[in-house]
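Number of protein chains: 2
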Amino acid sequence: MERIKRGERLAAMARILTAAPNRLHTLGEFCVLFDTAKSTVSEDIDILREAFARFNLGTVLTVAGAAGGVMYRSLVSPSSAEDTLGELAQRLSEPGRLLPGGFLYTADVCSHPDTAGRIGEIMASMYCAESPDFVLTMETSGIPIALMTARALDVPLVIARRDSRAYEGPAVKINYVAGGDRIETMTLARKAVRPGKRALIIDDFTKGGGTLRGMAEMMNEFDAPVVGIGVMIATAEPARKRVDGIRALLTLESTDAESGTAVVRPMPLF
Amino acid sequence: MERIKRGERLAAMARILTAAPNRLHTLGEFCVLFDTAKSTVSEDIDILREAFARFNLGTVLTVAGAAGGVMYRSLVSPSSAEDTLGELAQRLSEPGRLLPGGFLYTADVCSHPDTAGRIGEIMASMYCAESPDFVLTMETSGIPIALMTARALDVPLVIARRDSRAYEGPAVKINYVAGGDRIETMTLARKAVRPGKRALIIDDFTKGGGTLRGMAEMMNEFDAPVVGIGVMIATAEPARKRVDGIRALLTLESTDAESGTAVVRPMPLF
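Chain order of the listed sequences is E and R. Per my numbering, the very first residue in the first sequence carries number 1; after that it's consecutive. Per my numbering, the very first residue in the second sequence carries number 1; after that it's consecutive.
This is chain E alone, in the form it adopts within the complex (with noise of 0.2 Å):
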């Protein structure tokens, strides 16, 4: 194989550890890639978190040892998760986005893969100290979200659901007081969290906090402890939700129905 020019190196390592954010990589196994010394990867990995860090791009970890290696953290600098949930919060109070009965329309930016990226990122920075196993959200709109956080995380997301569908098997099954003391069934496949996995609740939206709470206690019936809530958008009103712990990135400060418009603002994060 002919050499690989440093730049190259760097290209591709670049790529591979961006990939796949917070999984580790040996170093042995770029020295095989490249055809190349350890003492070689290490000085590219060195260029690489310098670059990363002058830019804004995110972490470069290294980890010594013999279990050791290096990995890409997606993590987002308090000024850059300023700025998105700033934009974000503009968006969401232009006029039009109040529907009838106060409700706000997310859709368009909640699905949205680079909306939903920015937000998962900055969940994974928020919670991944917490060292979540796995990403628990509930059908249908939180998906995007979930899916990004876990992404960040490189852990696996698990979906809960209003049915049990005849295809995810056995299942538990619990009753939660939703909005406006609705009671609502909420399922989860028996074989989707293993007991003692620590999970990270995430959702697009809370105003009570009910279905947040009946996630929780999901988790309960799977011996799941909960390390984290986050959830996109949550009320001003009520303060108190039903469960203790949730972290909003913006607040629905007030609705005007007469215009359409909600009022919606970024919280302080970190």
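To be clear, the hints were calculated from the coordinates, so they are not data collected in a lab. Be aware that one or more of the hints could be misleading.
The list cannot tell twin chains apart, which means a pair is met if one copy fits it or any two copies do.
What the hints assert, rightly or not - EDC-like mimics (lysine to aspartate or glutamate), calculated; alpha carbons at most 16 Å apart, straight line: (1) K191 / D108; (2) K5 / E43; (3) K5 / E50; (4) K191 / E94.
Place chain R on chain E using the hints.
Chain R alone, transformed into the frame defined by chain E:
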């Protein structure tokens, strides 16, 4: 600003381009970011293209002219698609995946960011030339795959629902024939799709093709042409689906209720 070395530029460019597949970046953007000449950026792009090609990491395309620039496409090579699908077929053929009633448990595979990402890249490679304007799926289990397809194509994801939720505003509602000749309902928010936009329909599983046909009919209501219908798994029987033009990545050939095992085979793609 101190001079930025080629290696650093390449690392940063690799990260920026691959973070948003299929999106055009101007050379000027990189000239400003790196405080360097256009000719230097052009050279960098040539090295990047070569490195990505050498290590099978996707394609770097340059578009000439005033509106030109550079973009990354995560085009999957036939051999790497074959590897991915072969591996998936093997996982889905493991004993115990077949549930009572002949259903195949795929939730863990479909909703894992890794698998969803790889399936999304294969779908995007298959349909990129059709220039879809958005990806359409029907809730719930196809959403992760559809989102990752949309991400690889840099287009929005649109999610059809079973019920029209109050918070999505005025919606179009249709009935369609699902498995076992059941009549089901599908709804889609009016503001989700504009007339003339090109739809790529993506789902995780089909037997008779009823839901896929429902989505195609829904697009009819929106005057949105369907440019492709991709599913992760289609059953071999019935061979004739309710809608034409479905391309499946995997075929569910047969099932053995006794051992709880399904036979899943990868399909030739390119």
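Compare the structure with the hints numbered earlier in the document and write down the numbers of the violated ones, lowest to highest.
-> Checked against the structure, no hint fails, so every one of them is satisfied.
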